[in-house]
Amino acid sequence: MRERMEKALSSSDAEYTEIRIENVTSSWANFRGEDLDNIGSSRTLGGIVRALVKGGWGYATFNDISDLETRVREACESARLVGKEESKFAEVEPVVDEITAHLGKDFREISLSEKKSVIEEYNKIILGYHDKIETSNVGYGDSFRKVWYANSDGAYIEDERPDVGVAISATGRQGDNVQRGFESVAGSAGFQVIEGLQEKAEVAAGRAVDLLSAPPVTGGKYTVIINPRLSGVFAHEAFGHLSESDFVYENERMKKLMVLGKRLGSDILNIIDDGSIRGLRGTHMYDDEGVKTRKNYLIKDGILAGRLHSRETAAKMGEQPTGNARAIGYQHRPIVRMTNTYIDKGAATFEDMIKDVKLGVYALDMVGGQTSMEMFTFSAAYGYMIRDGKIAELVRDVVLTGNVFETLMHIDMVSDTIEWPPVGGGCGKGGQSPLPVGLGGPCVRIQNVVVGGRQQ
Amino acid sequence: MIVNRLIEKAMRKAQGAQVTLGQSESTNVSFEDDKLKSAGVAQSTGMSVKVIVDSKIGSSHTTDIDDVDGVVARALEAAAFGSPAHFEFPGPQQGPDVEIYDDAVVPVTKEEMVRIGEEMMALVKAYRSDILVSTGAGKSVSQSQFANSAGMEHTSETTSFGVGVSGQWIRGTDILLAGHGFGWKKREIDHAAIARKAIELLKMAEKIAPIKSGDMPVIFTPEGVNVLLLALRLGFNGKNVFFGSSPVAGKLGEKIADETFSITDNPLLDYANGSGKYDGEGVPHQVTPLIEDGVARNFLYDLDTAGRAGAKSTGNGMGCGPTNLVIKEGDTPYEEMVKNTREGLLVHNVLGLGQGNPISGEFSVNVQLGYKIENGEVVGRVKDVMLAGNTYDALKEIAAIGDKAEWAGGSLLTPAIKIARLSVVAK
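First to last, the sequence lines map onto chains A and B. Under our numbering, the first residue of the first sequence is numbered 1, with each subsequent residue one higher. Under our numbering, the first residue of the second sequence is numbered 1, with each subsequent residue one higher.
Chain A with its partners taken away, still in its complex shape:
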């Protein structure tokens, strides 16, 4: 493959050219209610050529990899149409490397029937949990992505990116009231990741039943404590996206808004994106432009300290590439993305955080989050009211929303332990979803958060 890719690259007349080819094998199985709903497998082979001419990008994506020279020519043609100025693209020492994934139990060697029987057991646990359980949805999915990357700087990287996960959902029903309990586990490792999750199935079923009798949270402003799974979503949604430089690099006003050195939170606030932490879902040795991943401080001691870059945004802003150019697959160009994003641990215990809260919400886990520049919203899977310093009743429909700049300032306590729950799901941006990311962190307390819901 290396020879073919390098030969095609040598035919390019662009200033910079890269080829990424991916072979993905995947399989899935899904139970809905008592029956298996879907089982199957797929094989995908495809690639992308990206070329840079006078600051303009041209690309070609394809499934037919037999004629790479033609694809290079197509990408160069498009780039010439676009390019009108000087190219800026950060220099990186070209790497030649070959990465082999360490799976443990290789899911490619496990039969579809065994994959099916593992989730069948989880499914049975849910359906037998309680007579208010209406139905279930338990899905298994794996993919093994082999990536060949070569660019005109001389880099050549072969990478293996496994991903395996199970999503467990229980639906409870009482009359018109329908509630869901959801648990997921995923990792870039082997089959062992999704074995032995009987307890998760029970937890999901139990929550679906409990939420049936939980009232919706009353809308309003509260002191909110978020658990590690949710603080990961918060770091990602509320702030992380703003630190992606493609929102900033050609936007003078945004640059002013996000100028390094600006105070965004109190001294206790540190937010980090780190694609090099071993074993997390957002982890890679190199990004999709051949740049080594690393630990990047976004906020340090409350001050805006850095941002996430591709080679283009780094060059245009006069900063260093950070290893954050990621593509979801061969049909997509790499864009600036997060890896594993978290708020760094602080000094408080959970007890410290809750004891002086008269009326608040303890929000746990997530069912989603979305952001549009400075506005964000994210949903907890469930929550508890905090009354007079103590955890009180279970509540549902807890949606947190706000303006990131105000909300970061309102973080006043951070707990002393970081957790990385191995949850599934991923991030969407620019039509590329879901990209595996790591979401974790400590417990975080935020003052004056708008919690959506109906007012009473």
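What the hints contain is simulated information worked out from the structure, not anything from laboratory work. This structure is a prediction, so every number in the text was calculated from the model and none was measured. C-beta atoms are modelled at their ideal positions from N, C-alpha and C, and glycine is treated no differently. Some hints here could point you the wrong way.
Unchecked claim - Distance condition first, Cα-Cα at most 20 angstroms in a straight line; then the derived SDA-like pairs of lysine to any residue:
{"hint": "1", "chain 1": "B", "residue 1": "K37", "chain 2": "A", "residue 2": "A90"}
{"hint": "2", "chain 1": "A", "residue 1": "K262", "chain 2": "B", "residue 2": "R171"}
{"hint": "3", "chain 1": "A", "residue 1": "K255", "chain 2": "B", "residue 2": "A311"}
Said to hold, decoys possible - To list a few chain A residues with every Cβ distance to chain B over 12 angstroms, as calculated:
{"hint": "4", "residue": "K7"}
{"hint": "5", "residue": "L52"}
{"hint": "6", "residue": "V96"}
{"hint": "7", "residue": "D97"}
{"hint": "8", "residue": "D106"}
{"hint": "9", "residue": "R161"}
{"hint": "10", "residue": "S266"}
{"hint": "11", "residue": "I268"}
{"hint": "12", "residue": "R278"}
{"hint": "13", "residue": "R387"}
{"hint": "14", "residue": "G426"}
To be verified - Residues from chain B shown here face chain A by an in silico Cβ test under 8 angstroms; the list is partial:
{"hint": "15", "residue": "S24"}
{"hint": "16", "residue": "A78"}
{"hint": "17", "residue": "F81"}
{"hint": "18", "residue": "H154"}
{"hint": "19", "residue": "T155"}
{"hint": "20", "residue": "S156"}
{"hint": "21", "residue": "N366"}
Mind docking chain B on chain A? Use the hints.
Then chain B, alone, in the frame of chain A:
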């Protein structure tokens, strides 16, 4: 055809088989932050096989159209312990006529798309030069072949074309983001009108209008109607009905919405994104009323779910999802709807739709682009506002439906809808 060869291969071991092959070529041009940024072409192929062996289903997919043996073998492997089949592949049937191919899309060049992008950008820039503009245009041409072991086979060719423009306006820490786009299977799109619509949305948002928390009337623009529709998309999905997770399960024939409200699944609208002669299982497309004059009429089914539920496929395979949704026009001009609102909210776009428990009808969303209405006039954009409610409750409290349906994207045709009361939480 390749698909017949695959059917033949599969039928050596299977009792039923279905094969789909698709190929497409597309071209896109995009402008980011006032500049032409990238152009490219995408070539793709894909082949899917579904087999029934001993009444069990297995499926498999590949992008390698030469891997005929592999893709069949993997589908057969999956079927050995697959899900039980509750249907038989349908025999030859003639689908209704609908336009899905436009010759005029094929010759569109990248240069022409660049010109379209430039013109849209110039229009927005002429309105305010300090707005950062992103635009784009794209087209694609696709072919597909379908065959099953019961003798149903068809080929189709379809085109698509789309344009979009958005503007970003930053003042201090306030970031306004608004835009408009449209895409369908036809070349004919007035890109200048798309840009003018984006400008109108930006103009109305220049001023920020404070709003107080409370229950108030809410008008959803055609785009905004999506907030109400998510629950219906899920609730009328035959699969969710069969599994009992839909709150409208068992309610056919019952009144579930205001009598002015009617919504139809319609895959036979010429050039709409969800249109075509047949669904993905070779079943002829049909028009299916979901709610008629407030009364729940039909759910959407694919073959397997219909088999399980003792219903008939409505041509919504695979997956029982809608094709194009059409909401019946009412009798209130949009202007009048706004004029008759003393204090309320006009909602165009939201964040966080689908989070939480959407199938129950509950929504609790951040208003990404919405406007305050005061004494019958739009006075400015709202900020940091949550809108909450339940679709099924809201549909019973419809105050007015607009008299003119508009496309919101390429697969929803709807007028604006005014709900008498929804909960608004402001900072």
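Hint numbers contradicted by this structure: Structure breaks hints 3, 5, 15, 18, 19 and 20.
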